[in-house]
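J.: Position chain A relative to chain W; hints supplied.
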Amino acid sequence: MAQLDVNRIQKELVEIERDKNSGVSVTIIGGQLSRLTGTIKGPIGTPYEGGIFVVDITLTKSYPFEPPKMTFKTKVWHPNVSSANGAICLDILKDQWSPALTLKTALLSLQALLSTPEPDDPQDAVVAQQYLRNYQDYVTTARNWTNAFATGDRGLQEKVAKLVEMGIPAEAAQAALEKAGGDENAALEVLFSS
Amino acid sequence: MASESGATAVVLDPKSDMQSSVPKLGANSSLSEEGLELNDGTGEGEESVQPNVDQGVAVPAGPARPADDEILLQENSIKAEEAGKMEFIGDKEPLSALAAEYERGNEVFKAKIQKLGETYGSIRRTRGDGNCFFRGFMFAYLERLLHSQDKTELPRMRDRIERCKQELIAIGYTPFTFEDFLEIFMDQLESVLPEEGQPISLSELEVRCRDPNVSNWAVMFFRFVTSAEVQRRAEFFEPFILGLTNLDVKKFCQTSVEPMGEESDHVHITALTDALGIPVRIVYLDRSGGASDDALEINHHDFVPESAPESFKPDTSGLLTLLYRPGHYDILYSL
Numbered sequence: 001m002a003q004l005d006v007n008r009i010q011k012e013l014v015e016i017e018r019d020k021n022s023g024v025s026v027t028i029i030g031g032q033l034s035r036l037t038g039t040i041k042g043p044i045g046t047p048y049e050g051g052i053f054v055v056d057i058t059l060t061k062s063y064p065f066e067p068p069k070m071t072f073k074t075k076v077w078h079p080n081v082s083s084a085n086g087a088i089c090l091d092i093l094k095d096q097w098s099p100a101l102t103l104k105t106a107l108l109s110l111q112a113l114l115s116t117p118e119p120d121d122p123q124d125a126v127v128a129q130q131y132l133r134n135y136q137d138y139v140t141t142a143r144n145w146t147n148a149f150a151t152g153d154r155g156l157q158e159k160v161a162k163l164v165e166m167g168i169p170a171e172a173a174q175a176a177l178e179k180a181g182g183d184e185n186a187a188l189e190v191l192f193s194s
Numbered sequence: 001m002a003s004e005s006g007a008t009a010v011v012l013d014p015k016s017d018m019q020s021s022v023p024k025l026g027a028n029s030s031l032s033e034e035g036l037e038l039n040d041g042t043g044e045g046e047e048s049v050q051p052n053v054d055q056g057v058a059v060p061a062g063p064a065r066p067a068d069d070e071i072l073l074q075e076n077s078i079k080a081e082e083a084g085k086m087e088f089i090g091d092k093e094p095l096s097a098l099a100a101e102y103e104r105g106n107e108v109f110k111a112k113i114q115k116l117g118e119t120y121g122s123i124r125r126t127r128g129d130g131n132c133f134f135r136g137f138m139f140a141y142l143e144r145l146l147h148s149q150d151k152t153e154l155p156r157m158r159d160r161i162e163r164c165k166q167e168l169i170a171i172g173y174t175p176f177t178f179e180d181f182l183e184i185f186m187d188q189l190e191s192v193l194p195e196e197g198q199p200i201s202l203s204e205l206e207v208r209c210r211d212p213n214v215s216n217w218a219v220m221f222f223r224f225v226t227s228a229e230v231q232r233r234a235e236f237f238e239p240f241i242l243g244l245t246n247l248d249v250k251k252f253c254q255t256s257v258e259p260m261g262e263e264s265d266h267v268h269i270t271a272l273t274d275a276l277g278i279p280v281r282i283v284y285l286d287r288s289g290g291a292s293d294d295a296l297e298i299n300h301h302d303f304v305p306e307s308a309p310e311s312f313k314p315d316t317s318g319l320l321t322l323l324y325r326p327g328h329y330d331i332l333y334s335l
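Chains as they are written, first to last, in the UniProt record's numbering: chain W, 1 to 194; chain A, 1 to 335.
Calculated from the structure, these hints are not laboratory results. Where hints are given, some of them may not hold.
Unchecked claim - Derived SDA-like pairs (lysine to any residue); straight-line CA-CA distance at most 20 Å:
(1) 69(W) <-> 50(W)
(2) 61(W) <-> 180(A)
(3) 94(W) <-> 92(A)
(4) 115(A) <-> 250(A)
(5) 165(A) <-> 8(W)
(6) 94(W) <-> 74(A)
(7) 251(A) <-> 3(W)
(8) 61(W) <-> 169(A)
(9) 251(A) <-> 91(W)
(10) 92(A) <-> 173(A)
(11) 251(A) <-> 56(W)
(12) 69(W) <-> 77(A)
(13) 104(W) <-> 172(A)
(14) 11(W) <-> 173(A)
(15) 61(W) <-> 74(A)
(16) 251(A) <-> 111(W)
(17) 41(W) <-> 61(W)
(18) 104(W) <-> 250(A)
(19) 251(A) <-> 277(A)
(20) 69(W) <-> 74(A)
(21) 69(W) <-> 3(W)
(22) 92(A) <-> 201(A)
(23) 11(W) <-> 169(A)
(24) 250(A) <-> 109(W)
With the rest of the complex left out, here is chain A:
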């Protein structure tokens, strides 16, 4: 995987997701006992299964399974409820806001947050809808460029995206399925690094990154890039994917990368950071270690692609940093 810092790499557990609140229908979820008995009665009788539309008697209605519409409606209402609680990207808050969450909580967390305060000053929360890594990554990246105004980044990223595009076509994606998503992301990049005129303001960037018509499209762009990179280097990623799931590389991309709301773990992060050449530091806030331990360490893992430009690398102020708590990513800011 990406090169490691001195700190211990923590293997993320993609299944420990506290945020995937959308219920998934498992096998047999709607098979009631009653339904099974009904089958016993009708399964044997040949006549009863002969087609007979007019009389309608031979068309047994199985036990009602929720229709697609109903399931979607339920999912949407959960999403709407979630949206009411939290923007895709929150305001920048002092780290004490994080400490407040754990006031009555676990001692290890409290001790770690205090320790975190030695290095980091602020946090920006993201909505826990399974897309938080991508949303956090995008905002952190664009915000960084808005401040640095590093004009070399625009041509570099254009070149990267062109390569991703060719890769997607080579794998067999039809251009129209990804081009719109890519354009929306490029629009944002060009707005923070305009070739002429003034860049957008930070508050405008916040507005855009809270707009589903921008944020969701950009998330989908990242999902395409991630999927293309995983498939391009299938041999490299295969053992890691097998360690997480029992899916092959293609199926993993179809089920765990490309659908919206599927969470990111180290496979996604490695693929995205490598494909775009942007390093990211993930700081882990978990229960490991004891509260009284004087040498309490906060683990982090640096994903540093070889091709990364110097300005984004660790030990520079340009390093993008996300805070990971099991199942969720927020943005962290250095003091």
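Here chain W stands alone, though its shape is the one from the complex:
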């Protein structure tokens, strides 16, 4: 197609909108259909449970013959996602992409990837090594990151409230939590060391 396949993309958006129980959503950024934002619910029973993960989506003029470009905007601790920039290693976003797939199926595949990491084909070697050698540490870190980055304001506000209960002014609590990446204990250290 010489131009963006607007017709196809709009049909996809309508379908995602209609199926609200799928656990994924897509919204348009600005007026252009080439830039979209997706969200994925962290799968239950994983360190990502309770998190809402935001995914940047870019579509080229060759979509659906070329895969959508997807990166995690929300920081994720996962063997197949770069902890630095959110780049994703998933076959269907590269050579295994098919025009038979859609934004919805791609996001559902990302959700499935959160449930079943593939440390043998990593995007982030550090996370992959931790996953393989210190699985419990991986779970702890992944959960901390989920709580810190993927729970939106809700998670943060709950933690601020806890610190306020301990007698810390709300503003200072929020600042400390942000500094500590959402980790309560680390935030306490920040507060008491300053």
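T.: Frame of chain W; chain A shown alone:
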């Protein structure tokens, strides 16, 4: 599989693909030694993996693996290079063009091409991008109809495609994911077999089949049809798929049928020809047999669905014929 002719059926080896030049990232392909050492250092220390955005110290950047964008860019440049060399569908050339390729080559090939010349007069090459079977099949089919003007084919194919559509929906595909592809193919069919007015010219058909906005969409239509047929008759195809890969039927369709550029072997060909009711003869040009053998045979295999209309069957001039060389299909024309 489909009924066999007297000739020996050759089992295609889908992995002997000389044309899949696009590099695939295997496991660990970007894990450098350095990266592994880095992990040894950080894996133990709990603090270093605690989230700490502001200071940025605890966000270790793994060794750089090429980003999706970079990989796609590379794939696209390879595709563009390939496109510069060869159209999706080439011009019709005399068989001597094929012989010229092997002038200094293998004696068996030379002898076989000579033998091939007793039956076939011309060849039309296709681009070796993993879609060559589908592109060759489509062009051969449409070109045949352009010549025969067999008006019974349009309603027959419409009926077939409607069944494929229902099948895809039954398997769980959302209609919008396949309808556009199907329409583009039907447009081409209606252009060569118009219900009123003149059919398009052969050169117009060539132009269309060289246009990615037609050819790629039609290829994808064939991939949907193939996938639906394999899944519909999963029990039948399963043993053949297990013989090729260790994938189950659904996974095979997702990884080896539906993505563009995945090559076709006898599973794909059987499924597509059965689903559409169009026979095809595959002629094999390989090293088997000796050059000096007087009785040098060129093997072929006929895929003949039971429901095929008479006009396309073997022993008629309507039989679609493709030449197979390991990893690639071109179109062959009888003398």
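J.: Please go over all the hints and tell whether each is borne out by the structure.
T.: Hint check results:
no., hint, verdict
1, 69(W) <-> 50(W), "25 Å, violated"
2, 61(W) <-> 180(A), "16 Å, holds"
3, 94(W) <-> 92(A), "35 Å, violated"
4, 115(A) <-> 250(A), "41 Å, violated"
5, 165(A) <-> 8(W), "18 Å, holds"
6, 94(W) <-> 74(A), "11 Å, holds"
7, 251(A) <-> 3(W), "32 Å, violated"
8, 61(W) <-> 169(A), "27 Å, violated"
9, 251(A) <-> 91(W), "13 Å, holds"
10, 92(A) <-> 173(A), "38 Å, violated"
11, 251(A) <-> 56(W), "27 Å, violated"
12, 69(W) <-> 77(A), "17 Å, holds"
13, 104(W) <-> 172(A), "14 Å, holds"
14, 11(W) <-> 173(A), "14 Å, holds"
15, 61(W) <-> 74(A), "17 Å, holds"
16, 251(A) <-> 111(W), "18 Å, holds"
17, 41(W) <-> 61(W), "28 Å, violated"
18, 104(W) <-> 250(A), "19 Å, holds"
19, 251(A) <-> 277(A), "25 Å, violated"
20, 69(W) <-> 74(A), "15 Å, holds"
21, 69(W) <-> 3(W), "17 Å, holds"
22, 92(A) <-> 201(A), "15 Å, holds"
23, 11(W) <-> 169(A), "16 Å, holds"
24, 250(A) <-> 109(W), "15 Å, holds"
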